[in-house]
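Visitor: Listed below, chain by chain, are the residues.
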Amino acid sequence: MNRREFAKLLGLSATALSGIPLGVTRAVGQTKGGTLNTIIQPEPPILVTALNQQQPTLTLGGKIYESLLRYGPDLKPLPGLAESWTVSPDGLVYTFKLFPGITFHDGKPLTSEDVVFSVTKVLVETHARARGTFQRIDKAEAPDPLTVVFTLKAPFAPFLNSFDCTTAPIVPKHIYDGTDFRKNPANAQAIGSGPFKLKEWVKGSHVHLVKHEGYYRKGEPHLDEIIYRVIPDAASRAVALEQGKVQLTQWTDVELFDVARLSKLPNVEVTTKGYEFFAPHFWLEFNLRVKPMDDKRFRQAVMFAVDRKALLQRVFFNLGKVATGPVSSKTRFYEKDVKQYDYSLDKAKALLDEMGLKPGADGKRVSIKFLVPPYGEIWQRSAEYFKQSLGRVGIDLQLENLDLAGWAERTSNWNYEMTCNLLYQFGDPALGVSRSYITANIRKGILFSNIAGYSNPEVDRLFEEAAVATSDAKRQELYTAVQKIVVEEVPIAWMVEQDFPNFIDKRLKNVITTGIGVHETFGAVTLG
Amino acid sequence: MTSASINSGGRVFAVALALAGWFVKFVAVVLVIATFNFILVHAAPGDPAQVIAGQSGASDEKLLAQLRAEYGLDKPYPIQLANYLKRVVTLDLGYSYRQQRTVASLILERLPATLLLTATAFTLALLSGIILGTLAGVRAGKWSDTLLTIVSLLLYATPVFWLGLMLVLLFSVQLDWLPAFGYVTIGVPMTTLQRMGDIGMHLILPAVSLAAVYLAIYTRLMRSSVLDVTHQDFIKTAKAKGLKQGRIIIRHILRNAMLPIVTVAGMQAGALVGGAVVIETVFAWPGLGRLIYDALLQRDYPVLLGVFLVMSVIVIALNLLTDTIYRVIDPRVSVRAAS
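Protein chains in written order, with numbering that gives the first Met the number 0: chain A, 0 to 527; chain B, 0 to 338.
Please keep in mind that the hints were generated in silico from the structure rather than gathered at the bench.
Any given hint could be a false lead.
Here are a few chain B residues that sit away from chain A, every Cβ distance over 10 Å (derived from the structure) [to be verified]:
no. : residue
1   : 13
2   : 99
3   : 142
4   : 240
5   : 254
6   : 318
Restricting the straight-line Cα-Cα distance to at most 30 Å, the calculated cross-link-like pairs of lysine-lysine (BS3-like) are [stated by the list, open to error]:
no. : chain 1 : residue 1 : chain 2 : residue 2
7   : A       : 152       : B       : 61
8   : A       : 263       : A       : 7
9   : A       : 202       : B       : 240
In this text the structure is predicted, and so the values were computed from the model without any measurement.
Just so it is clear, CB atoms sit at the ideal spot from N, CA and C, and this is done for glycine as well.
Chain A with its partners taken away, still in its complex shape (with noise of 0.2 Å):
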């Protein structure tokens, strides 16, 4: 007996259901059209990417709304609005030119004029994080409708990488133009340019996206729509994920622990990548203005301490990477040759020692708060292991739960001693990496900043030049200097460069193609 079967016997009005398909609604074989059923979880607040920047809403926007460039797996800039750019020399003048025939969802065409108001008028005003690249922008023109021009008021090295669709979605200018932009009724319609539309969001339930006819790359999109599920169980949407009920899977839709499990399922492929423009890294952090974390050898001894390979086997189930520095080994400018913390009790105990930092007659030497992030299981397992670890050589943890926002309140407010966090690189280490170390940037109140109150003039120098440097051997030799110093002085314990799966039915294709991987247009993608 199947589900229509039972509905008949039920009662549930024999003609009720019959209908309605159960499973997905084409025929095998083709390659046009079809529907994808993913999930979004949590929910998000507004799909406008320009205005909210959480991470549902990135991956959920992506379709909506697209920017100038797109960037491969290994971050080089690709044509997205963009069919072509150059840079002057002196690393000063950015000119794109844009694909003829961009419309928006209301029909009206996108113009260099879009693209200046976005980047100009609203980005600078609403996302923080795109904020700190275009406000160093001093000129921008559009000299014809699919030209722009942006001049720079001094060289800034990673601005060609900050046009991925999460940091310079492009708004229509006829709709944004003089209103508040985030109390504007528009953004209930979420107009982008983007190869989806939003046609129906039934909060708590679904978001339903259709093909926008008018998308300027031929053939594209080849699905016909995409509905993203909220489903906020985990366990539920294991059963969505071995059910078929959803084809498709990203950051933490499925638990880690189940990851090993579903990858047996005959229908799906699973891969972590298409995450490399965010590269996360998970680390401990300390606060350095807390006795005795302001020294250099009780930090150097927390790294000697936890065994990182055994994290990430047991907690993350192996999936990432151990992490070595402040820079990723997925994003440019990594510098492998750095001081190595191999796992050693011994390497610890003596550095705690020669600080005179002794172990009473309980055997522990110094009690820390540890604030566990809400984040979820992952989180929580990784801090009892810190206490676990920690403990053997006399350093106890007492562990500390909170929501979200009691624990971005007192982190930011640096009322807190260690706790851990996950941070993302966003594709060059003067957007995502010199933010936690440089002394700019310690500030009261700001997550994300430099909460641990690190502070190295050398450090400030080296990763000052190294942004606005205009060649790429010169940028790599100061982010090797910075990353030698930094790694020697620990001002943070760099745990694991986290990883996540993305389940992908096999008959979708062209789904990670990107160093952005789901947050992509899926323009390209294909089932059948």
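Fit chain B to the supplied structure of chain A, relying on the hints for placement.
Guide: Frame of chain A, contents of chain B only:
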């Protein structure tokens, strides 16, 4: 004027006075509750701006200042409270900047799904609880009573999320009889009739899971209540008069045994609007419970306060309804005694 008309005029006046008094009490209680809600909600550490920053992976002063100004959090607490109470009095539930919607529309959007789920589960639990409890009560000590008691204890002790997941494993994954989650099949054109049938199919598992716990409570309560009444003198009298067993159970035992059930059911009916966070989460049911839970984690104050307010009003109204039901079931309870 006859004495009768004076009398009835006096009664109308008395009822009007009682209603007016009740209304004043009602408004006072709502305002006190609203103030408490406000203080409680703002006592939790952190604010919505921090949450949004925390989930965005990047933040700066300007973003926080913008968000706080937008939420009205840049003003001192007494002014925020005064503004809030002013809105309550004018029946304005406020605006959720996070969701870019009025709170009233957010609640109204979620209410039907929640009411459908909780009312179905509640009715299911109440009816079967009364029937099973009565059966167990009149057969006290026999094997059928023991079996019912064991089953209801087991149900009562089972965590509701586990029960939900097990039902999904059996009926959705193994047998494929029922959908595992969701409210309605998405993206398929349906006639109204088809849509109703489809929602009905989606409703079965969550409603049964949710009903299970309540069912256990009502069964236990009804059983002991029936046992109590069975040993009273008027039942002996009824038996002595030679009344049939069925008539004794329905007319005499049931009617008297119902009062405790009505009391408990009246109290639990408040949960009808609160939804059922756990069941709504397991079955991805788009109800109010999840709206509240999400709003709490996100410190979406307007939504939280709005939902709390609506719930407290409904609970007060339900209490009044419970009082009325008392009077219908048991004429000895007078208007005075109940009010």
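Visitor: Next step is simple, just say for each hint if it's right about the structure.
Guide: We went through each hint and held it up to the structure:
1. 13: Its Cβ never comes within 10 Å of chain A, the nearest being 47 Å, so this holds.
2. 99: Violated: least Cβ distance 5 Å, not greater than 10 Å.
3. 142: Holds: least Cβ distance 31 Å, greater than 10 Å.
4. 240: holds, 43 Å
5. 254: With a cut-off of 10 Å, residue 254(B) remains clear of chain A, as the shortest Cβ separation is near 33 Å.
6. 318: holds, 29 Å
7. 152(A) to 61(B): holds, 21 Å
8. 263(A) to 7(A): violated, 34 Å
9. 202(A) to 240(B): violated, 61 Å
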